[in-house]
Amino acid sequence: MSKQFQFKGASDMPMIPISLGDMDWNKTGAWRAQRPFYEDKTPPCNAACPAGNDIVAFIQKIMQEDFEGAWQVIKEENPFPGVCGRVCFHPCESKCNRGNYDAPIAIHALERFVSDFVANLNQKIGKSSGPKKGKVAIIGSGPAGMSCAYHLAKLEYEVTVFESTSSTGGILRMGIPSYRLPKKVLDREISNIEALGVVIRTGVSLGQHLTYDDLKDYRAIFIATGAHRSRSLHIPGEKSKRVLSGLDLLKKINLERKLKLGDKVAIIGGGNTAIDVARSVIRLGKKVTLLYRRSREEMPAFKDEIEEALEEGVKIRYLVNPIRIGQKDGLKRLECLRMELGEKDESGRRKPVPISHSNFFVEADHVIIAAGEEVDVSFLPKGMENKEGIVLTQRDGSTGIKGVFAGGDLTSMQRTVAHAIGSGKKAALAMDCYLQGKNMEETIRRILIGEGPSLSILRYLHPEARPMNSHVVTFEELNMDYFEPSERIRESKAPLKKRVREFGEVTSTLTETMAHEEAERCFSCGTCNECENCYVFCPDASILKTENVFSHQVDYDFCKGCGICFSECPRGAISLKEEER
Amino acid sequence: MRKMEIPLSENLGHGHLACAGCGAAVSMRLTLKALGEKTVMVFPASCWSIVPGFWPYSSFRIPVIHAGFVTGGATASGVRAALDVRGDHESVVTVWAGDGGTFDIGLQALSGAAERNEDFIYICNDNEGYMNTGTQRSSATPLFAWTTTTPVMQPKENPKKDIMAIMADHHIPYAATATIAYPEDLLRKIDKAKRIRGTRFIHLLSPCPPGWRIPSELTIKISRLAVRSRVFPLYEIENGNTYTLQEESHVVPVKEYLKMQGRFSHLSDSEVEVIQKNVERSWERLLKKAEA
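Protein chains in written order, with this note's numbering: chain A, 1 to 581; chain B, 1001 to 1292.
Be aware that one or more of the hints could be misleading.
To be verified - Computed list of lysine-lysine pairs in DSBU-like fashion (alpha-carbon distance at most 35 Å, straight line):
#	chain 1	residue 1	chain 2	residue 2
1	B	Lys1255	A	Lys577
2	A	Lys3	B	Lys1259
3	B	Lys1038	A	Lys577
4	A	Lys545	B	Lys1221
5	B	Lys1288	A	Lys545
6	A	Lys27	B	Lys1221
7	B	Lys1038	A	Lys545
8	B	Lys1255	A	Lys95
9	B	Lys1161	A	Lys95
10	B	Lys1003	A	Lys95
11	B	Lys1259	A	Lys577
12	A	Lys287	A	Lys241
13	B	Lys1038	A	Lys3
14	B	Lys1259	A	Lys95
15	B	Lys1192	A	Lys577
16	B	Lys1255	A	Lys251
17	A	Lys545	B	Lys1277
18	A	Lys27	B	Lys1255
19	B	Lys1003	A	Lys545
Read the hints as simulated data drawn from the structure, not as lab findings.
Between the sequences and the hints, there should be enough to build the whole structure, so can you do that?
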């Protein structure tokens, strides 16, 4: 309390009316009806990331040109930034608030940049040195299994991964062509996981070389064997010669590079596998026609992929349904029906209806069926239930058998790399809770990102780290006065002529300057990045800042609660609540 | 978005009596950051006779002299002369007057001082009315605005006086408009004024939550809309004839600015149209001056 004056009479007073003290005793905070406070909220990109990446945090690091710091942020949650930055369908970008303004941030390109930048520095994730908490086994070295292995190793378990094939990575290696995901990127990120002490035993197949009894030394098991069986079309002729499944063909190309195909190839399907097959076959110098029974709008494949396939010369025939695979003059002869779109079905897409007597024929040397993948349940232990083609698990990934967890494509119809990575992480958490006797349901509630379902392992390990209100920031809550329209960065692509001749990567990694520019476009929704608008505009100098240190604190002795800081915060990182009196 | 860099010094201390969300308090805080410690301020009667605190206290960390309503220009001339006599040529004498003390009551003293090219900065903290005494109209109150003396049944019939043109015609070395939504521009102009000798005039628009009938948290937003709608363009005049415009790339119709304020809530579409036309005409005039 500063000095207050009391005068006994006129003789006490100064000759002229001059001030003698300051007004610091006048606590104007008492006027306040509403109280501003700093509170980070959930950015929509974070909430949309199935892998649970803290996207805003890593982009802010890029903005500060701290690229290694960005990598540190990503690897807390996800060991596969190089993979995700290339192949993820980036739901984060469709939810990006900047999309309501000009164009979403190219989050995938930034994630890829961070991974590649750090790889060039030869960064490794350090091996944890702490005492081991016990042995755990993981079946399958795909994105779900390896994500689980990574987080369990960080949680100080002794992890062994069993892989049935001769190489690691599961679908990432076998199913994704190298023009989208170069093998060296995958190798790099898997070796980072191995560097943590994770042991991968390839060529060991569950059921064939390994029984459940063999695994009884392990305190918990995570099964993530994926969905590798190609779905059948149930039409005559599909088992005949020169009819292949999409996934088998991709495996052959990806693992062996040797494949004999005729000049004309017909592919049946409209999903990502169908597109991957089509673009791979084009690269082998063949003519490709894709047959899809609905229209382009209903195609489940990612939009960019369809676009690139068309650029590369893939022909797509829509509203066509093969009903029989025959043979004529040494060629496969597909009998097809034309379709039209009817009412919406349970998937929300318009259902294709055959037009009667519209039969026509498509001829090809080879026919590839890529109509989706199914789970092989034959080797699964008794007690693990499955329904409608997926293994049933609890919310935490636990199965009917104690200590056995499952995840990835095996347990979900949301078959993306990001979902698999997220489910591996969730299983790692659940296994730790199970083995350490913690309540998983309670834990999940505490570490949900936004309303979920993604989880933050950072918050599991450090409950005080990065506190964040679960409210997801909307576009309307941002203050657009502080942003100027700017163009989204474009990744450069290899020339078309080159693309169709080889399996080299189509898009290239951003340069440092490009990444920095793109990061600067980020609104940083709900996350204070110390722009200091609140400090600049406070009429009562009540945002505390000392020499270069921004405190994120309000001086409630003097804050009158006008709310300027709240409304001038560009990103919704300040909240207001009614003052209780 | 780029971070704003503004000086850390605070010469308007805590405990001052400005209303919550007061635009003028932001104006003062920013102005003092640019002026620095070696400043003597002169306050003709205005809100700022009250805001600093009551005797024997003051929330200001620089010397401030309270003066009669009419006397901003005259008092400042005297303070400057006294400092010069004492050999202090460094301290910047700054008048901080309201629009009442500038456009109406203090115009004579200001005009006299400007004609003599007295060496001080005169800042008109314009909140478009006699807000301290309960929102009476001044000659700075905009056309059709509500005040207690221009009630809704008979809103103000005359447009705002063009104080910048008046000051330009005194051919003083520097005159500029500024407002709080553009802190860097505001600081730059004060700093520029500080480095010039002679009479310098800054017309500072400070939205007033109670007088303009706006929520306290919208002060900055409305200051920005005043510029974006071209109701209050940002510009500088050197020696009364060289105009420099700080153009806003986002231009909005005046309606966007007016509709947020209770003092304009009674306006009909045709009245809004009249204001829009006036604003466009003034803008054209300003552009011509800038091109000349």
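Hint check against the structure, violated hint numbers in rising order: When the structure is compared with the hints, numbers 2, 3, 5, 9, 15, 16, 17 and 18 turn out to be violated.
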